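With the sequences and hints as input, model every part of the structure.
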Amino acid sequence: MRWLVLIVGLSLAWAGALAAGDRSPLWPDIPAATGAPHPEGNAYWRANHMDLMRHDRNLTVHEGDRKIAASLKQCFDCHTARDDRGQVVTYADKGHFCRSCHDYAAVRVDCFSCHRSTPEGVDETAAQANALPPVRLGGGEAGSILAWLKRAGPAPRPEGGQ
Amino acid sequence: MSCGKSRLRGKGADISRRDFLRSGAAVASATLAPGVTLIAFGGSPAEARASAGNRWGLLIDANRCDAGCSACVTACADENGWAGNGDPATDAQWIRKVTLRNTTTGHETSMPVMCQHCAEPPCVDVCPTGASFKRADGIVLVDKHICIGCRYCMMACPFKARSFVHEPVVNQKTHAPRGQGTVESCTLCVHRVDAGGTPACVEACAATGHGAIIFGDLKDPESEISRRLAEYPSAALRPDLDLNPGVRYSNL
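For the protein sequence lines, the chains are A and B, in the order given.
Sequential numbering of the first sequence, starting at 1, is according to the numbering used here.
Sequential numbering of the second sequence, starting at 1001, is according to the numbering used here.
Hints are not guaranteed to be accurate.
Unchecked claim - Think about it this way: if two alpha-carbon atoms lie no more than 25 Å apart in a straight line, the pair counts; the simulated BS3-like pairs of lysine-lysine are:
#1 B:K1097 - A:K67
#2 B:K1144 - A:K73
#3 A:K67 - B:K1134
#4 B:K1160 - B:K1173
#5 A:K67 - B:K1144
#6 B:K1219 - B:K1173
#7 B:K1160 - B:K1097
Source of the hints: derived by calculation from the structure; they are not laboratory data.
No experiment lies behind these values; they were computed from the predicted model shown.
Structural data, given as structure tokens:
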């Protein structure tokens, strides 16, 4: 009986917190989208986006069907996140639309090693460089990792062993 | 138009996927026979899927190809975004200019060489994951979702047509995704072909006035490429391997 009271009490407290609009700071901060909302609802897309995209990627790559809707390219028509300066961010930035949830769910996605994570026309080199933390280099010179890699050039080839 | 039953479970499963995904682009098509498609309500053949009724190919006239011109290579790099980092040891090459020299006469022939889109592609034979595949219309591609970067296909290709992406890539084209750890090669500009267009190299070559490359359907006897192949002598590279490539050369 005591347990029942406790459970009911906790439920009421939780419901009260929800009603008050309190939101745990642990929840992901999802960037707002532009454009018309999904007619199937956000819950449906949250649960099924990976299945929809996988199915359509196979149709496109293998069968040449280009009349598809669940494509990454079209995601970014509406789900483009911007940083404080108003610049479009890439997946390298924590504020990227996909990353806001995937970081929360601890799911690493490989999409953006091949696909661009911004709409066509955005210079990802600049956006990516902004997202990376500045590093202190040997001569006390500060710069981004990408800029440093660019200056350093290709990695030296290891000497052939025996 | 087929409306398969949705295989998705859950709340939205009663919505037929193809219905809502295609809403707003109502095209009805029916395949009457291989290569013959009846399309109604504003559709066009360009919107049809890759069909076994076509086989896309190139005919390259080595006599018309200028040794000093590399417009096709530049156009391909621009179109597909593989320009690279200036390191020839690791940069990708989807298409390259090759010069053949007859050691007896000293005569030199210049021509572009890219994926030959073989009917019997060795890269597909050796691929351990099924990433290397041939579409129904004869275009040989890499499905980079499945590619593990083992590079067997690069070893198997007699034309050295494939490249491995060694470094992280950003700023890809949306129609040509490419990334570190996967193999890639000429796609015959499959995104253009699917939209009813011609590959970027063919357009660039025509724009220079050389017109050395023709693109067309090898299965359509009325296409310009088929008529030229029927009328004039042509050759496949490495004919000894009997790969039946979709890319043919004349005046080699």
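For each hint, the structure was consulted:
Only pairs whose Cα atoms come within 25 Å are accepted, and B:K1097 paired with A:K67 is rejected, the gap being roughly 35 Å. Note on B:K1144 and A:K73: the hinted pairing holds, with a Cα-Cα distance of about 17 Å set against a maximum of 25 Å. Using a Cα cut-off of 25 Å, the hinted pair A:K67 and B:K1134 holds, with the two alpha carbons roughly 20 Å apart. Under the criterion of a C-alpha separation no larger than 25 Å, the hint pairing B:K1160 with B:K1173 is consistent with the structure, at around 24 Å.
Between A:K67 and B:K1144, the direct Cα distance comes to roughly 20 Å. Compliance with the 25 Å bound is thereby established for this hinted pair. The straight-line distance between the Cα atoms of B:K1219 and B:K1173 is roughly 31 Å, outside the 25 Å bound, and the hint therefore fails. Restraint check: the Cα-Cα separation between B:K1160 and B:K1097 comes to about 13 Å, which is no more than 25 Å; the hinted pair holds.
Against the hints set out earlier in the document, violations occur for numbers 1 and 6.
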